[in-house]
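Each chain, written out:
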Amino acid sequence: MIRFLIRRIILGLITLWVIITLVFILYYARPGVDPARELAGRAVTPALLANINKEYGFNLPVIVQYWNYLKRLVPIPGQFNLGISNNNRLPVTTIIAQAVPIDISLAVGSAVIWMVLGISVGVLAARRPRSLWDRGATAFVLTGVSMPTFILGLLLLYVFYYLLTIHGIAIFPKPGSYTSFTTNPLEWAHDLILPWITLALITAATYSRLTRSSLLETLGEDYIRTARAKGLSERRVVFRHALRSSLTPIVTQFGIDLATVLGGAIITESIFGLPGLGLAVVQAIEVQNLPVVIGIVLVASFFVVAANIVVDALYAVLDPRVRVS
Amino acid sequence: MSLSTVEATAGGVPTEEPAVKGIEGRTPLQLVVARLRTDKVAIISVVVILLIVALAIAAPLIAGITGHGPTDTNVDNGTDANGQPLPPGSAGYLLGTDNLGRDILVRIAYGARVSLLVGVLATAIATVVGVVVGLFAGYYGGWLDSILARIMDVVLSFPYVLFAIVLVSVFGSSLPLTILVIAFFSFAAIGRIVRGQALSQREKEYVEAAHSLGAGNLRIMFVDILPNLVAPVIVLATLLIPTAIIFEATLSFLGLGIALPTPSWGNMLSDAQGVGFQAWWFYIFPMIFLLLTTLAFNLLGDAVRDALDPRTERIFAGRRKQKPA
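Residue numbers (my numbering), protein chains in the order written: chain F, 1 to 325; chain G, 1 to 325.
Hints may be right or wrong, so weigh each one.
To be verified - Facing chain G, a subset of chain F residues (Cβ under 10 Å, in silico):
#	residue
1	145
2	147
3	151
4	154
5	260
6	271
7	284
8	296
Because the hints were derived from the structure by calculation, they are not lab data.
Please read these numbers as outputs of a predicted model, since none were measured by experiment.
Where is the CB? At the ideal position from N, CA and C, for every residue including glycine.
Work out the full structure: start from the sequences and follow the hints.
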């Protein structure tokens, strides 16, 4: 088990290193690109270029630049440094630290909704295959899979914000509203309810499908027949015996999805004007604010790699067969 | 009408195999077509897709009939006396105009070209790359497999929207880049399935027989093994098309896909969001076309899966089979 975990962690570190290197090449060492000139903006003077080169070290050999770049990404306090935003000269770590609570808020709320909704719809469908319930679940999954996030978000905004507001029933806040949880938990939930629903409805479809197919398979197992033969209630058979062992694929999916939202729900944040990592990266890209883009990409990658390791470890706990492979 | 397209859809089924020497002696292709023809969902999906294809092909024709090009701002009659956009049904503008006086119907028709082109081309590239990578990984195994499989895992688990916008921000948005980026983030879905299938196929007797006849590795991979993997590849490819279309629309919506003023359904919605909700027709028509297209492809992919292998559990309703095990 320990060896399995160590191998996973090493693989995760290698993945992160590859991403870091790719980002470095893309932004600093692409042939034919002068990063100093890109930073300098329109009013380029040789003195300005020299200054930038000196400050950022662009005139050093590429390999030295790469080494310096790697060195400041090592997570040791005092050394770790994601650079400074080109826009407002704030450290990138500060910008990220301000944005992450919004992504955590988004992730927590929507994850609760998508898990409850997705798994319940899947269970309903699997308990009565080919029933009306199953057909309804099917339609739900199909819509979720075919629906681009930005269309759902815009539709929700149109109906629940715009239409209600022009009819004098302004129950949903306008895009761009965000209250932190510590300021006022009720207001926090109120501001986030539409973004939560957007993210959750899109994501829940996958969970319904996974739950349905996994549960249907488990319900055909011998031990389920045994449980039924013992005279257990159907409810107990489904929830206690079958659902538990059907959850493994769902755990995997959940880890990845949660990490993705934590690293920035780009579309949802853009539509609802939530200042999380996703909106920050879109805005940074528009003005070519490279330190911020790189910082957020690295943070998002870290979340995904970490989630993969946690999921693999959980998987090994849930399913002993994985440990040997 | 529907028959010919169904044939085209299932065109990759290995026809060179000898016909099943049964009572009727039908080829696998005939069997698949026969099953699809009795499937109402499949026929409706094919009709919808054909209509969208017709719309895309007829785009210049529509522009000619209405007299409005896709990027014409129709200064003289595209807006009302106050400079406001015209609602649907206004003289000469079936679906109304946008804030710049451009004909929404014409823009949607041209947008269909972009969506279909990106969807089909990106899927085609992803399929070819995925099949080749998957075959090599699964057939050779060993370190090659470890590396390729790991790369595919990483590509699959990463927040692709984030990486796509990073790539687009570095290289500038263009149609070819959009297609390549989408293909890059999609090939792993096919590659992983092909790899798994190739892993099991290479242990079969026919591969051993081919070896003993002196066939080379490449011949065994592409001539002997590949035809056995056609069914899952066709299904996945059909399901990748709507994913690619959504991906393109999302990138364009974020302003990082198809550059304005060239219309795509995604950047039309982005335009609409910039204007506000007053003119509902900016939103509703691109949304309807985008959703119809993705729904139709998803339904068709599911129907093709069902027709190619009636044993698999159908995700999206329609005809139903007996409960599995």
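Taking the hints in turn, this is what the structure says about them:
1. 145: 6 Å, holds
2. 147: Status holds, d = 7 Å.
3. 151: 5 Å, holds
4. 154: 6 Å, holds
5. 260: Status holds, d = 5 Å.
6. 271: 7 Å, holds
7. 284: Residue 284 of chain F check passes; min Cβ-Cβ to chain G is 9 Å, inside 10 Å.
8. 296: 8 Å, holds
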